[in-house]
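Peer 1: The lines below spell out each chain.
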Amino acid sequence: MKISLSINGQKQEADVEPRLLLVHYLRDLAGLTGTHIGCETSICGACTVMMDGKAVKSCAVLAVQASGAEITTIEGLAANGQLHPVQEGFWECHGLQCGYCTPGMIMSACGLLKENPNPTEEQIRHGLEGNLCRCTGYQHIVDSVKYAANKMAASAARAD
Amino acid sequence: MSFLAKYIGQKVKRTEDPRLIQGIGHYVDDIKLADTLHVAFLRSPHAHALITSINVDAAKSAPGVVAVYTGADIAGKVGLIPCAAAAPDMKKPDYPALALGKVAYVGQPVAAVVAANKYQARDAVDLIEVDYDPLDVVTDIEAAARPDSPVIHEELGTNVAWLYQAGSGDIDAAFAQADKVVSLKLVHQRLIPTAMEPRGVLAQYFPGEQQLNVWSSTQIPHLLRTTLAAMLNVPENRLRVVAPEVGGGFGSKLNVYAEEALLGWITMQLGRSVKWIETRRENMMATIHGRGQTGTVEVAVKNDGTLLGLRYNVIYDLGAYLQLLTPAIPTLTGLMLSGCYKIPAIQLNCTQVYTNKMATDAYRGAGRPEATYLIERVLNRVAEELGMDPVELRRKNFPKPDEFPFATAAGLVYDSGDYEKALNKALEIVDYKKLREEQAAARAQGKLVGIGVSTYVEICAVGPSVMLPCGGWDSATVRVEPSGKVTVLTGVSPHGQGEETAFAQIVGDLLGIDMNDVLVVHGDTDRVQYGIGTFGSRGLAIGGTAVAVATGKIAAKAKQLAAHMLQTDENSLTFENGKFVGAPDDKSMTFQEVAFHAHQAHNIPPDFEPGLVASYFFEPKNCTFPFGTHICVAEVDKDTGDVKILRYVAVDDCGKQINPLLVAGQVHGGIAQGMAQALYEEAVYDENGQLLTGELMDYAFPKAHQLPSFELDHTVTETNVNPLGAKGVGEAGTIGSTPAVANAVIDALAPLGVKHVDLPLRPEKLWRLIKA
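One line per chain: the protein sequences are A and B, in this order. The first sequence maps to residues 267 to 426 in this note's numbering. The second sequence maps to residues 2 to 773 in this note's numbering.
Some hints here could point you the wrong way.
[Stated by the list, open to error] Straight-line C-alpha distance at most 16 Å; calculated EDC-like pairs for lysine to aspartate or glutamate:
1) B/Lys-704 with A/Glu-388
2) B/Lys-14 with A/Glu-358
3) B/Lys-33 with A/Asp-294
No wet-lab data here; the hints were simulated from the structure.
So that you can see chain A by itself, here it is in the shape it has in the complex:
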């Protein structure tokens, strides 16, 4: 089936098998390997990307379902050489160790902060419950998201 979609601001067209998962399209056809696969059963969240502004697990989306959509992957998050505040938070707060869950975790955190720019610790922990991390025990991830929320609030305040 023919699909056309936008990935990180670039329009793409392709002819794909109907059963092709979006995550396999991103990794194998679009060459964007930053989106990781941890389970292919929509539990672990490593494959989370933004689809039309919402965080989705790209192993639970068919490539054909993404036709017409705007996708942002981890590779498209930093703008003009500047890390996104959530990426910066993960670096500053040691929010990652092996780094495998990190792209999905960052994309989910972006989705969370879009819906709730100033989450409490409990809201962060519940907001990220679709993303598994085996290394950190989550505490530094919570710190990273808080850091990003504060940074984004501060720059929003400056913009006002």
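With chain A fixed as given, assemble chain B onto it according to the hints.
Peer 2: Okay, now just chain B, sitting in the frame of chain A:
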């Protein structure tokens, strides 16, 4: 060791992170080679069965399929899966990379399909027809050890692989002199390591050069190379193993697996590169599991709380076959049976049995969590029987700081320790006395609130080399380029620990240079001299020491050249902030200038070897023994059995901390895994040997909202085993936390008369106890 502490001891942000937070690092599946074929495996759906026939015709003619291989195709061509830790008198079955004639666990590889893409490979797997003749299944480890049990490996005649006794001291006298004997039967449930990155292998062969390249998600690239070379009959110097970015291991990638050998063999058959990426289901059923002991611990004690002896009779669940270190795991339990206490007589009686399950092996802690859990649980039972506070019982039996090095009856010599200091600090943080008063008040209101204390010691950085089948040393080469940039080649193979950062900190300080000028290279056998790898919390204490010593050699050689060029005596020069100063007329040279001249070699002393490279292979004289105290406060919901962690305090002592940020990360992650063992996780097989927890949907891997925030503190007791004074911290959290949580929850249930509950402490189990 003296150095400029610009980086060492500081919370330095990781140099690994920029690539990882932007998704531009390279794990195995991110490496793309042209014309790569994809491999998928047919795995046994039976726990125990004879294979009476395999028909691969339909699979071979399926779209995209290039080849299909079964056990018969590889027999005699791909070597058996090795075990490096089997005792000579151990009964050991052959373990072929693809099943030959029979299967002994669900998930055992039966056939490999090679196809143009992974969809086609998986489709064709479904077309293979196998006739199985099911056999009686053995899953219960106590039943497996009985003479009337069905036997898994007929050629061995029994499921009992090995009987092993360890320990020293007069154990019979200890029990004869005891005022009280307290015993406790415990189950250390099977766990699934579940690294977020499943395993994966990419293999490529150049027939002209006779060069085989294997990329694998492994913790031990060099050991894997040596082993694969033997299994595939390939000269070791023509085999390159690369561990690229590795997405967590926790011991599960400290192994040699069938798929690694098979991919190497298949690429040599087909002349095309081949890739296999493990699915999560494969990961859960066919990557090693951890723990898996059922045992009874007995303690002989005086009425005043003095410990006299400890005996542990245990049956260990090997699984169906032996992986690399399977039988060694309970021997580590045996070595740590003294815990952080003076116990004059210790005895381990270990029975190792085969069952129709995936092999167990090293999972974060690897035998030490079992030791700590059983000691810390039984000490609480002793305290109850004697009417003593569990903290005072522990304190009474600690060796004092001046008793180190401390020899235990389990057979080790602990390097250094101040157990009471860590305990006191933790008690102070929680205000233990007040906490007990608050608990009494809560109990008076009918609440189920408990306090759990665990004081632990563990063993890291195992050495000397005779203690490990592969040796206990590790290596570093420090290579200074003419520009003064430094490349460090380390024999350890980090996969999340942050050693690229920690080693750059060490070199930066020792040479007085910007740590961003230091590149740490690891995990590639063609780039790095031989090394052992990353496991057992050894990376910094052993690998980091090798880096530090090699860097010291660089500094000494640079000084020799600087003195020559500055026409002064070496002894008058000092190396400060990356500069050699102290020469006449205030002349000085930077480290970078010296590096250039060492390579240009126009003006060098007569006996001076050009270049600036140094290597060091560090052989530790002993292990290190980190320790600490963890305290957990928990409440059990009377209506639901749900456990809420109200407070978690950890005071750990890992010796000198090179980067406290990394230490905190390791402790957090370790506590999370130990807490998960206490509260949630269990690999469950049914009586037919089917893995019921075979997906992340069913295996209770904790999510963010299921874990609390941890309060960390530390003490610092340096070790003299290595010049860094660092002990290791990768597993401490896991070891300390399981018993702290278990003790807290069981203490919460004490008013109901509960003396012990086996892990995991899931709500349903606790609810039944509350309602009983």
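Peer 1: All hints, please: hold or fail.
Peer 2: Against the structure, the hints come out as follows:
1. A threshold of 16 Å between alpha carbons decides the hint, and for B/Lys-704 with A/Glu-388 the separation of about 12 Å falls inside it, so the pair holds.
2. Our distance criterion of 16 Å between C-alpha atoms is met by B/Lys-14 and A/Glu-358, whose separation comes to about 6 Å.
3. A distance of roughly 9 Å separates the Cα atoms of B/Lys-33 and A/Asp-294; the hinted pair therefore holds under the 16 Å criterion.
In terms of the numbered hints stated before, the structure departs from none.
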